[in-house]
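Use the sequences and the hints to build the structure in full.
Protein chains: 2
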Amino acid sequence: MVIKEISNRRSVREYLEKEVTDKDIIEIIKAGQFAPTARNNRAVEFVVVENQKTKDEIFEIVGQEFVKQAKVLIIPVTDTTKTNCSMQDLAVASENMLLQATALGVGSVWKNLKSEFNEAEQIKKLLGIPEQYTAINIIPLGYPKEKPVAHDDKDFDAGKIHREKW
Amino acid sequence: MVIKEISNRRSVREYLEKEVTDKDIIEIIKAGQFAPTARNNRAVEFVVVENQKTKDEIFEIVGQEFVKQAKVLIIPVTDTTKTNCSMQDLAVASENMLLQATALGVGSVWKNLKSEFNEAEQIKKLLGIPEQYTAINIIPLGYPKEKPVAHDDKDFDAGKIHREKW
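Heads up: the sequence lines are chains U and R, in that order. Position 120 of the first sequence, counted from 1, bears residue number 120 in the numbering used here, the numbering being contiguous throughout. Position 159 of the second sequence, counted from 1, bears residue number 159 in the numbering used here, the numbering being contiguous throughout.
No lab work stands behind these hints, which were simulated from the structure alone. Check before you lean on any hint, since a few could be wrong.
The list cannot tell twin chains apart, which means a pair is met if one copy fits it or any two copies do.
Said to hold, decoys possible - The calculated DMTMM-like cross-link candidates involving lysine to aspartate or glutamate, where the alpha carbons are at most 20 Å apart (straight line), are:
no.: 1; residue 1: 4; residue 2: 27
no.: 2; residue 1: 4; residue 2: 24
no.: 3; residue 1: 114; residue 2: 57
no.: 4; residue 1: 160; residue 2: 27
no.: 5; residue 1: 160; residue 2: 131
no.: 6; residue 1: 23; residue 2: 157
no.: 7; residue 1: 160; residue 2: 22
no.: 8; residue 1: 165; residue 2: 50
no.: 9; residue 1: 125; residue 2: 60
no.: 10; residue 1: 154; residue 2: 24
no.: 11; residue 1: 165; residue 2: 56
Right under this line is the structure:
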């Protein structure tokens, strides 16, 4: 059941040296491609970075050590000429990837791109991503150094459920 | 494995008369609560509407027959004073709910709220949701009238994967 992966998905920022296989990378991206998109536009694409020099350059833009330490970085992007819900489309594709990574034992975290520092624009330039595409985050992948603590019922708050009205 | 629910999750807009149990509603919202939020703000809350009159009133605002035919409507909202990534937070919580609904055999669909018609504002007013909260969509729930076709490898496009650079 999906609740297992939903509960086990936690932000992982420290990774083992072990490589993430190409097969796993493809399975993770497939999960992203099967996410819903607004009016089924299916415009989300994926840039996969494994080259250390490029990861270092991305680190220079966005900071945070885990960006260069991760084995793989996936940057989901979408074509703004094909969707008017780019942020939603990229977010749900990202969540599917985080869940599929979890299912494969691969750690990950949503690294947000800060619009106030034009981080997405800088990354697009670095990776040669066409102007009309937009990005909101980076999905680093690597095997977790420590097993993260899963969500359980103590993280569930019934007080956040409102019946019929607020 | 989560890929099963990710593949089986399809937009369902026609529902059986069968009720969605309260237990299932709670399990679906729990999945939404376990989604990541920006800087772990955990500000997402959930309004559950089952009253037919209220569903009819929501239909008057957003249109689309399935809104009044669904057994349950869940409107996820978040507190804009606690997150600057409200759209992302709501989107990933929604995707988790769609996946958990799928796991339970419950059909669902992402019904977007159109900002150009102030649909979220009208729904907030109808349901008494405080000003600082924002909504982006409605998640209708009901048992599917027809079994939807799952995603499979024909929906996977390797051409959307770019290695190292675009």
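Each hint, compared with the structure:
| no. | hint | verdict |
| --- | --- | --- |
| 1 | 4 with 27 | both (18 Å within a copy, 12 Å between copies) |
| 2 | 4 with 24 | both (19 Å within a copy, 16 Å between copies) |
| 3 | 114 with 57 | within (16 Å within a copy, 38 Å between copies) |
| 4 | 160 with 27 | between (34 Å within a copy, 13 Å between copies) |
| 5 | 160 with 131 | between (40 Å within a copy, 16 Å between copies) |
| 6 | 23 with 157 | between (37 Å within a copy, 15 Å between copies) |
| 7 | 160 with 22 | between (40 Å within a copy, 15 Å between copies) |
| 8 | 165 with 50 | between (49 Å within a copy, 10 Å between copies) |
| 9 | 125 with 60 | within (14 Å within a copy, 45 Å between copies) |
| 10 | 154 with 24 | between (31 Å within a copy, 18 Å between copies) |
| 11 | 165 with 56 | between (50 Å within a copy, 14 Å between copies) |
Checked against the numbered hints given earlier, this structure breaks none of them.
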